[in-house]
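Below, each chain spelled out in residue letters.
Number of protein chains: 2
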Amino acid sequence: MGFVDEYNMSMLTDLYELTMCASYFEHKKLGQATFDLFIRRLPPNRSYFLFAGLEQVLLFLEKMRFTEEHIKYLKSLGFKDDFLDYLRLFRFSGDVWAIPEGTVVFPNEPLIRVTAPIIEAQLIETFLLNTINLQTTIATKAARVVYAARGRPVIEFGLRREHGTDAGMKVARASYIAGCSGTSNVLAGMVYGMPVFGTMAHSFVMFFSNELESFRAFAKTFPDKSTLLIDTFDNIAGALNAIKVAKELERQGFKLRGVRIDSGDLVAISREVRRLLNENGLDYVQIFASGDLDEYRIDELLNKGAKIDAFGVGTKMGTSADRPYVDIIYKLCEKADDKGEFVPIMKLSEGKATLPGRKQVYRFTDEGGNFVKDVIALEGEKVGGEPLLVKVMEKGRVIYNLPSLEDIRKRALDNVARLPDKYKRLQKAAKYPVRLSPKLRRLIKELSEKLRETEGAVAGSS
Amino acid sequence: MGFVDEYNMSMLTDLYELTMCASYFEHKKLGQATFDLFIRRLPPNRSYFLFAGLEQVLLFLEKMRFTEEHIKYLKSLGFKDDFLDYLRLFRFSGDVWAIPEGTVVFPNEPLIRVTAPIIEAQLIETFLLNTINLQTTIATKAARVVYAARGRPVIEFGLRREHGTDAGMKVARASYIAGCSGTSNVLAGMVYGMPVFGTMAHSFVMFFSNELESFRAFAKTFPDKSTLLIDTFDNIAGALNAIKVAKELERQGFKLRGVRIDSGDLVAISREVRRLLNENGLDYVQIFASGDLDEYRIDELLNKGAKIDAFGVGTKMGTSADRPYVDIIYKLCEKADDKGEFVPIMKLSEGKATLPGRKQVYRFTDEGGNFVKDVIALEGEKVGGEPLLVKVMEKGRVIYNLPSLEDIRKRALDNVARLPDKYKRLQKAAKYPVRLSPKLRRLIKELSEKLRETEGAVAGSS
Chain U
1 MGFVDEYNMS
11 MLTDLYELTM
21 CASYFEHKKL
31 GQATFDLFIR
41 RLPPNRSYFL
51 FAGLEQVLLF
61 LEKMRFTEEH
71 IKYLKSLGFK
81 DDFLDYLRLF
91 RFSGDVWAIP
101 EGTVVFPNEP
111 LIRVTAPIIE
121 AQLIETFLLN
131 TINLQTTIAT
141 KAARVVYAAR
151 GRPVIEFGLR
161 REHGTDAGMK
171 VARASYIAGC
181 SGTSNVLAGM
191 VYGMPVFGTM
201 AHSFVMFFSN
211 ELESFRAFAK
221 TFPDKSTLLI
231 DTFDNIAGAL
241 NAIKVAKELE
251 RQGFKLRGVR
261 IDSGDLVAIS
271 REVRRLLNEN
281 GLDYVQIFAS
291 GDLDEYRIDE
301 LLNKGAKIDA
311 FGVGTKMGTS
321 ADRPYVDIIY
331 KLCEKADDKG
341 EFVPIMKLSE
351 GKATLPGRKQ
361 VYRFTDEGGN
371 FVKDVIALEG
381 EKVGGEPLLV
391 KVMEKGRVIY
401 NLPSLEDIRK
411 RALDNVARLP
421 DKYKRLQKAA
431 KYPVRLSPKL
441 RRLIKELSEK
451 LRETEGAVAG
461 SS
Chain P
1 MGFVDEYNMS
11 MLTDLYELTM
21 CASYFEHKKL
31 GQATFDLFIR
41 RLPPNRSYFL
51 FAGLEQVLLF
61 LEKMRFTEEH
71 IKYLKSLGFK
81 DDFLDYLRLF
91 RFSGDVWAIP
101 EGTVVFPNEP
111 LIRVTAPIIE
121 AQLIETFLLN
131 TINLQTTIAT
141 KAARVVYAAR
151 GRPVIEFGLR
161 REHGTDAGMK
171 VARASYIAGC
181 SGTSNVLAGM
191 VYGMPVFGTM
201 AHSFVMFFSN
211 ELESFRAFAK
221 TFPDKSTLLI
231 DTFDNIAGAL
241 NAIKVAKELE
251 RQGFKLRGVR
261 IDSGDLVAIS
271 REVRRLLNEN
281 GLDYVQIFAS
291 GDLDEYRIDE
301 LLNKGAKIDA
311 FGVGTKMGTS
321 ADRPYVDIIY
331 KLCEKADDKG
341 EFVPIMKLSE
351 GKATLPGRKQ
361 VYRFTDEGGN
371 FVKDVIALEG
381 EKVGGEPLLV
391 KVMEKGRVIY
401 NLPSLEDIRK
411 RALDNVARLP
421 DKYKRLQKAA
431 KYPVRLSPKL
441 RRLIKELSEK
451 LRETEGAVAG
461 SS
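Heads up: the sequence lines are chains U and P, in that order. 1 is the number of the first residue of the first sequence in this note's numbering; add one for each residue after it. 1 is the number of the first residue of the second sequence in this note's numbering; add one for each residue after it.
Treat the hints loosely; a few may be bogus.
In this list, chains with the same sequence are indistinguishable; a pair is considered to hold if it fits within one copy or across any two.
[Claimed, not checked] Below, simulated BS3-like cross-link-like pairs (lysine-lysine); rule was C-alpha separation at most 30 Å, straight line:
#	residue 1	residue 2
1	Lys304	Lys28
2	Lys395	Lys450
3	Lys80	Lys422
4	Lys373	Lys80
5	Lys247	Lys445
6	Lys28	Lys382
7	Lys307	Lys255
8	Lys352	Lys382
9	Lys410	Lys75
10	Lys450	Lys80
11	Lys247	Lys410
12	Lys75	Lys428
Hints in this document: simulated from the structure, not taken from any laboratory. Model, not experiment: these values are computed from the prediction.
Next comes chain U alone, as it looks inside the complex:
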């Protein structure tokens, strides 16, 4: 649940969804259709995706309505009255299958499968893509950062550079799902119940007469949970001031929680600061590092022997800076014919072919529970493995027990743990095998031949 989810987002859509639907309506094309939401390919430096964002999709589908304000605006755009009357009564009435949030997934696997009257299935497209794209992009990036940190806590710190208010919330949520230990975002803490963390800024140090005074002031306010930022002037001088304050706290029966380094050579500085802390009997004081971090940088720091206990990761994770999107699409895969029988459909463009028919994804594991391969099959086809898509919505009502954020996070940690290391390397990871089932391959062959015969026609197997 999130604060913006309270909104009716029916109009946050591309105009073409509405123009297509107006035309469907005019031509009485009201039959059922099935769409798959999936990611077309792996971006460079990604070897899997961590699926997130389903909860917001389901809340959207239940709440989607067109108000009189919306109708008035659409009329001003030239939409006709009978279609607007249809929109006034609009309720999403479809069935939805989806892979649970926190599942490791791969290209071409249907993540959400929607079966509904064509107008309903089409009108929801933009919001579904917007929501799943962001959270899955971020959860995937954050899972890599958490993996690079090798068990050390990672705090999501990127609110100031994330893309707006809704992204601030969804990034905090998706990062937490991926294994981050919390966020700096107070509203996310309040709304999602996740842990929040905060230290201090350089301005705080500079607002006092000197650094030591600022440290003492902060420690007085938060004697049992202060992390002192030591790099405003000089990291080593800052560390010595922090040690003074830590000793003063000890005399009052408190413990300094940590020091934060935000600039400079983090390897050398962290090692020297660790030595100074330990020399002064402050082994318990944590070294917290931040400043332009991502999975590549964290991996490098740890490889070089940095003595860092926890990481604050901001902009590069919160915007997924090296790849701020995934190639997520929503494609028609079957439609009902005039008799109401479902007919599989596929698109045959070069490099953009789609998988026809109503499908299920099966995951195969070894005796240790590790992921071995996936098979995309036609629904009902017996191929073995564990089916990943579950029914989450029936006739427009959520019939799925929405898991708590903690449970989604547990699932994600378990899923990533069960994905063998060779598929998780930060660079040049092995390619996880995703196969197509025999029946699906046969159907594709049939439809391809048919399409090639009747170029310009839509392939249907009936």
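Given the coordinates of chain U, work out where chain P should sit on it, guided by the hints.
Showing chain P alone in chain U's frame:
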């Protein structure tokens, strides 16, 4: 004004803003301070920024409140009652100077300058950065795309891959400011009054028995404004079908608006489609291109002689994919001493030094009105040129006539036009000169010497 601006976003902040303020409060540090919001450096492949997002900042500052729900949550985090009582009565009461939206700006120039009691000035930091970062990043990217299109319309098409709902709105707004002709985002059209555009998707074509039938259906619904997507099966066959429909429309007294190409070799296809259209007397039918476009690709297409009349640009502009953020920061530059006199402050870290004191930015133009150079000076210093920062808020009230979106867009187009071409090249642009005034340079020298003498101390000139 936007739909999410209605929200009270006081809690969308980093926890450290609140912990620092709790400590200021406890230590009765309630004096005034001035902060500059600015961008530290130019990212690769950017030579200027287009400033956007001020309106949302001012609305936020006027609305910022802490509700009982917020207070209850903050109490659960351990904040003390007297500070929470202070927050209950919180109103932003400061003065704000800012550069108008739609202005071309450069690194180190104060974009927003806030003078307020330290707690107020600190608590607003995160939201200001979040809002200005997103809109300025996108407006800057979009200005480049519009420039690359050489006068051809660019439509913002990225809602499905933008980062959440708020980004969907703010990206549409910022892209329009930068000169895009409109958006696909219906809600942005409704809320901001900007033009909306839409064509059709592949699923529409595939839902009918064949492409021609789908084109006829769409043209029947929108006889005077259809743009037909011709690449579902084959661009040339699709163009021939579109020509049939265009001719049918002509017989009914209508004109086909355009065809859209979304894949394939856009240079060759657009040239061939243009030829086919013209051969059939359809010179007026526009060719609209989309599919993975950005400024580099558009420039390349036009250099190679593509016959494209308008561009739909999505993901790469809507996420500013090659650089999804700017290095935007908010730094203390002066504080009031015990007597209430303002004392300039600077930070002296390597590569992260800040400019002390209360500043103004002056822009110099040549006789043709073209931008020649900027000078960052101390407030009140006479250096010539036109001052860019204007007072927008006094004692917490907006005293600035918020310009309409159209006026902001006009300012942006005028500003970008007045920036000489050498500073606008898509790659390897010349560096626009931004100088520091004599007094500012003298102050920096004084404070640097003082800081070096008393390392660990904050530099103040009094």
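Okay, the hints, checked on the actual structure:
no.	hint	in the structure
1	Lys304 - Lys28	neither (66 Å within a copy, 44 Å between copies)
2	Lys395 - Lys450	neither (33 Å within a copy, 72 Å between copies)
3	Lys80 - Lys422	neither (56 Å within a copy, 49 Å between copies)
4	Lys373 - Lys80	neither (50 Å within a copy, 54 Å between copies)
5	Lys247 - Lys445	neither (74 Å within a copy, 36 Å between copies)
6	Lys28 - Lys382	neither (37 Å within a copy, 71 Å between copies)
7	Lys307 - Lys255	within (20 Å within a copy, 70 Å between copies)
8	Lys352 - Lys382	within (27 Å within a copy, 61 Å between copies)
9	Lys410 - Lys75	between (47 Å within a copy, 28 Å between copies)
10	Lys450 - Lys80	neither (37 Å within a copy, 72 Å between copies)
11	Lys247 - Lys410	neither (38 Å within a copy, 60 Å between copies)
12	Lys75 - Lys428	neither (53 Å within a copy, 47 Å between copies)
Checked against the numbered hints listed earlier, the structure breaks hints 1, 2, 3, 4, 5, 6, 10, 11, 12; every other hint is satisfied.
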